[in-house]
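*Asks:* Turn these sequences into a full structure, and let the hints guide you.
Residue strings, one per chain:
Number of protein chains: 2
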Amino acid sequence: MLANDRFLRACLGQKTDRTPLWLMRQAGRYLPEYNATRAKAGSFLGLAKNPAYATEVTLQPLDRYPLDAAILFSDILTIPDAMGLGLQFAAGEGPSFTHPLRTEEAVKNLRPADLHQLQYVFDAVAQIRKSLIQHGKQRVPLIGFSGSPWTLACYMIDGSGSDDFRHAKTMMFNRPDLLKHILDINVQSVAAYLTEQLRSGAQALMIFDTWGGLLPDGWYQEISLASMRKVIDQLPQELNGQKVPIIIFTKGGGLWLDDMAESGADVIGLDWTMSVAKARARLVEKNKSIALQGNLDPLALFANPEQIEAQAKKILDGLNKAPALKADLHPLDAHIFNLGHGISQFTNPDSVTVLAKTVIEYSEYLRKA
Amino acid sequence: MLANDRFLRACLGQKTDRTPLWLMRQAGRYLPEYNATRAKAGSFLGLAKNPAYATEVTLQPLDRYPLDAAILFSDILTIPDAMGLGLQFAAGEGPSFTHPLRTEEAVKNLRPADLHQLQYVFDAVAQIRKSLIQHGKQRVPLIGFSGSPWTLACYMIDGSGSDDFRHAKTMMFNRPDLLKHILDINVQSVAAYLTEQLRSGAQALMIFDTWGGLLPDGWYQEISLASMRKVIDQLPQELNGQKVPIIIFTKGGGLWLDDMAESGADVIGLDWTMSVAKARARLVEKNKSIALQGNLDPLALFANPEQIEAQAKKILDGLNKAPALKADLHPLDAHIFNLGHGISQFTNPDSVTVLAKTVIEYSEYLRKA
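Which chain is which? The protein sequence lines are A and B, in order. Numbered according to this note's numbering, the first sequence spans residues 1 to 369. Numbered according to this note's numbering, the second sequence spans residues 1001 to 1369.
Incorrect hints may have been included.
[Unchecked claim] 30 Å max Cα-Cα, derived DSSO-like pairs, lysine-lysine:
id, chain 1, residue 1, chain 2, residue 2
1, B, LYS1313, A, LYS321
2, A, LYS180, B, LYS1251
3, A, LYS278, A, LYS326
4, A, LYS286, B, LYS1278
5, A, LYS278, A, LYS230
6, A, LYS314, A, LYS15
7, A, LYS251, B, LYS1251
8, A, LYS357, A, LYS137
9, B, LYS1251, A, LYS288
10, B, LYS1326, A, LYS286
11, A, LYS314, B, LYS1180
12, A, LYS278, B, LYS1278
13, B, LYS1040, B, LYS1130
14, A, LYS288, A, LYS368
15, A, LYS288, B, LYS1286
16, A, LYS49, A, LYS130
17, A, LYS180, B, LYS1314
18, B, LYS1286, B, LYS1313
19, A, LYS368, A, LYS15
20, A, LYS278, B, LYS1251
21, B, LYS1321, B, LYS1278
22, B, LYS1137, B, LYS1314
23, B, LYS1180, A, LYS313
24, B, LYS1321, A, LYS288
25, B, LYS1314, B, LYS1368
26, B, LYS1278, A, LYS180
27, B, LYS1130, A, LYS108
28, A, LYS321, B, LYS1278
29, B, LYS1286, A, LYS278
30, A, LYS49, A, LYS230
31, A, LYS314, B, LYS1286
[As the list claims (entries may be wrong)] If you only want the chain B side, here are some residues facing chain A, beta carbon under 8 Å, derived:
id, residue
32, GLY1161
33, SER1162
34, ARG1166
35, LYS1169
36, THR1170
37, ASP1177
38, LEU1178
39, PRO1216
40, GLY1254
No lab work stands behind these hints, which were simulated from the structure alone. Note that the Cβ used here is the ideal one computed from N, Cα and C, for glycine as well.
*Replies:* This is how it looks when you write it as structure tokens:
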């Protein structure tokens, strides 16, 4: 029994009393309590691989802010790690793999992720789900997630973060057969991973396609979007008689809105370059019943409280003037407020308080006006 | 007298026998002869600030490849340098400023660039223009350029390259009055700088808006595009009775095509996320007579020759099926082939030979077919 089902209702295109809100990377380094837990865990991987710590940090932002969803604390690179690529986080640097896929032999030897090695993730999901219960009710729904097959391939081939993922894209142009082999394995692994998160207690799923926006038009559709669609096709449509909402988020994907609307997802996440109001108008024009999530620029949280309030209201005011997704809905329905990308580690935690208060009060006010 | 005016004709929406081609950053580190000149010059700034060396490297790619335009070798940060911000290139790192605009006082004290300090740029333009003469004719036209007012502001405020230009965007959200002050000064300086490049011999101008794509929808139009429009409004429309073509290029700007078409520019440069064919169709539908430039993914040059050829043909085939810009033109007219961003330093120079041959032969073949 959910005490707050606004997030799930908005994802499924149902009426809500106000706009639900959560933030990508809401459990993160901008919170002193997160840094304290991370210090206890000794390292990022020590934190992510320990279900008790993962549960602790997942709940921290919910205790501080009136958010409408929890999201599993984990890393998108757990899957390639469970494929044997050897994930490591060197101090002061980003993640990297000991065995990136740089040769034909390495690609041919790639095997799907061993789900047993990911048991710590499923244990975390189950433990978070239990810990969300308060006074006999679950406070908010729990979102599970994965990186997209293409985004995982970027890290698997280049071996670490990059601004152009040169090796992955060279393989795409030069040896599309090898990239296809990797994507097929990633599709299979991501689908199995997300399905197991659902079985363990996740109530919605999000696919993070962080690097889809690096692809040329045409390639995005064939490479990243098509493989996300294959994942979605393999996921259970329902769990215990409930439809499971699926969110896809391609950073820099605003140009491909029409294509994303055909992915089988229930919600499209937008970064801040594409207006939520324009996206809604376009989807309604094309008769696509799909909800939207986003899209305040994370750096808007670096402004003073008055400006944070103004920027959040601007998004809500814009959408309020756009058409409703369906005849029986308010224009603000079927929208989940979020940032357009993960919250910056340099954010003042008090800025999130201002944002939450604004979204909650103003989205309720506009619905009554 | 120009031996080859294809580039200018395509910019101005006139018929050409084949598609003209040049490459952003065509004089660069992927060329051994460039590296040799740079070694002689001692440093990047030593190269950029010496008109003889700048002329030498500008001409190098023309001697190696059948390109249809030369572009001034310089750096977009020359303007803030001439405002007194103190440009430096530390070994192995990107450019940075000794005096970034981090305080209200620093912003208020900012003065327009001293054009006398930029005389080395104008001297280079004049010298390149002269050196382009062969057998009494100018081989190809010379493009002058500047960073956009917003892109310059990004570096001026953050003080160096960044993946999010956190300080610039914080100022934008928090103190829009200070950012406006900087943009006004940048508009004035960019317009004066480009005008002086024209007087010195540039025959077309390009404004590089490398970081416009970081802006939220709405802000892009108000901040970056509006300031580019102000620059264009201040430029001479003609030089010696000839219309001077102006190209604007916002990386990640595909979503804002309709807005860019209102900038006063003659050509819109596209990165690889927006199909040239779709952009053409959209502009024709909206009755906007504006040429397009782009947009092969620079990393496609890392593929084998057959794949490079296939990717270049794909762009031409796509545009060939799109509507012509005007009734008397071929669909391939009013398009300048280029990359969607600067060529990578890791490119094999032979790959550019393959690309040039493909664009030249195939764009001529399609026009005759």
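*Asks:* So, for every hint listed, does it hold in this structure?
*Replies:* Hints, one by one, checked against the model:
Restraint check for B/LYS1313 and A/LYS321: not satisfied, since their Cα atoms lie roughly 43 Å apart, outside the 30 Å limit. Proposed proximity of A/LYS180 and B/LYS1251 is supported: the alpha carbons are some 28 Å apart, at most 30 Å. For the hint pairing A/LYS278 with A/LYS326, the CA-to-CA distance comes to about 16 Å; that is within 30 Å, so the pair holds. Distance restraint check for A/LYS286 and B/LYS1278: the Cα-Cα separation of roughly 18 Å lies within the 30 Å cut-off, and the hinted pair is therefore satisfied.
Taking the CA atoms of A/LYS278 and A/LYS230, the gap is about 28 Å. The hint holds against a cut of 30 Å. With a C-alpha separation of about 21 Å, the suggested pair A/LYS314 and A/LYS15 falls inside the 30 Å cut-off, and the hint holds. Taken as a hint, the A/LYS251 and B/LYS1251 pair is honoured in the structure, with Cα atoms around 14 Å apart against an allowance of 30 Å. Between A/LYS357 and A/LYS137 the alpha-carbon distance is near 23 Å, which keeps this suggested pair within the 30 Å criterion.
For the hint linking B/LYS1251 to A/LYS288, the alpha-carbon distance of about 29 Å falls within 30 Å, and the restraint holds. A hinted pair counts as satisfied when its Cα atoms are at most 30 Å apart, and B/LYS1326 with A/LYS286 qualifies at roughly 29 Å. A hinted pair counts as satisfied when its Cα atoms are at most 30 Å apart, and A/LYS314 with B/LYS1180 qualifies at roughly 20 Å. With a CA separation close to 19 Å, the supplied pair A/LYS278 and B/LYS1278 stays within the 30 Å bound.
Under the criterion of a C-alpha separation no larger than 30 Å, the hint pairing B/LYS1040 with B/LYS1130 is consistent with the structure, at around 22 Å. With a C-alpha separation of about 26 Å, the suggested pairing of A/LYS288 with A/LYS368 holds against the 30 Å cut-off. For the proposed pair A/LYS288 and B/LYS1286, the alpha carbon gap of about 24 Å is at most 30 Å, so the pair holds. Under the criterion of a C-alpha separation no larger than 30 Å, the hint pairing A/LYS49 with A/LYS130 is consistent with the structure, at around 18 Å.
Taking the CA atoms of A/LYS180 and B/LYS1314, the gap is near 20 Å; set against the 30 Å cutoff, the hint holds. For the given pair, B/LYS1286 sits about 26 Å from B/LYS1313 by alpha-carbon distance, which is consistent with the 30 Å threshold. Restraint check for A/LYS368 and A/LYS15: the C-alpha separation of about 13 Å stays at or below 30 Å, so the hint holds. For a cut-off of 30 Å, the pair hint linking A/LYS278 to B/LYS1251 stands: about 21 Å separates their Cα positions.
Between B/LYS1321 and B/LYS1278, the direct Cα distance comes to roughly 10 Å. Compliance with the 30 Å bound is thereby established for this hinted pair. For the hint linking B/LYS1137 to B/LYS1314, the alpha-carbon distance of about 34 Å lies beyond 30 Å, and the restraint is violated. With a CA separation close to 22 Å, the supplied pair B/LYS1180 and A/LYS313 stays within the 30 Å bound. For the hint pairing B/LYS1321 with A/LYS288, the CA-to-CA distance comes to about 28 Å; that is within 30 Å, so the pair holds.
A C-alpha spacing of about 18 Å is found between B/LYS1314 and B/LYS1368, which places the hinted pair at or below 30 Å, so the restraint holds. A C-alpha spacing of about 26 Å is found between B/LYS1278 and A/LYS180, which places the hinted pair at or below 30 Å, so the restraint holds. Our distance criterion of 30 Å between C-alpha atoms is broken by B/LYS1130 and A/LYS108, whose separation comes to about 56 Å. Distance check on the hinted pair: A/LYS321 and B/LYS1278 sit about 28 Å apart at the alpha-carbon level, within 30 Å; holds.
For a cut-off of 30 Å, the pair hint linking B/LYS1286 to A/LYS278 stands: about 18 Å separates their Cα positions. Restraint check for A/LYS49 and A/LYS230: the C-alpha separation of about 28 Å stays at or below 30 Å, so the hint holds. Of the supplied pair hints, the one linking A/LYS314 and B/LYS1286 holds, its CA atoms being roughly 28 Å apart against a limit of 30 Å. For B/GLY1161, the shortest C-beta to C-beta distance to chain A is roughly 10 Å, which exceeds 8 Å, and the interface hint is violated.
Below 8 Å, beta-carbon pairs count as interface contacts, and B/SER1162 has none with chain A, the closest being about 11 Å; its hint is therefore violated. Among the interface hints, the one on B/ARG1166 holds; its C-beta lies about 6 Å from the nearest C-beta in chain A, closer than the 8 Å criterion. Nearest Cβ of chain A to the Cβ of B/LYS1169: about 4 Å, under the 8 Å cut. The hint holds. Hint status for B/THR1170 relative to chain A: holds, with the closest Cβ pair at about 4 Å, below 8 Å.
Because the smallest distance between the Cβ of B/ASP1177 and any Cβ of chain A comes to about 12 Å, over 8 Å, the interface hint for this residue is violated. Look at B/LEU1178: its Cβ only gets to about 13 Å from chain A, farther than 8 Å, so that hint breaks. Using the Cβ-Cβ criterion of 8 Å, the hint placing B/PRO1216 at the interface with chain A is satisfied: the shortest such distance is roughly 4 Å. With a least beta-carbon distance of about 5 Å to chain A, the hint placing B/GLY1254 at the interface is held under the 8 Å criterion.
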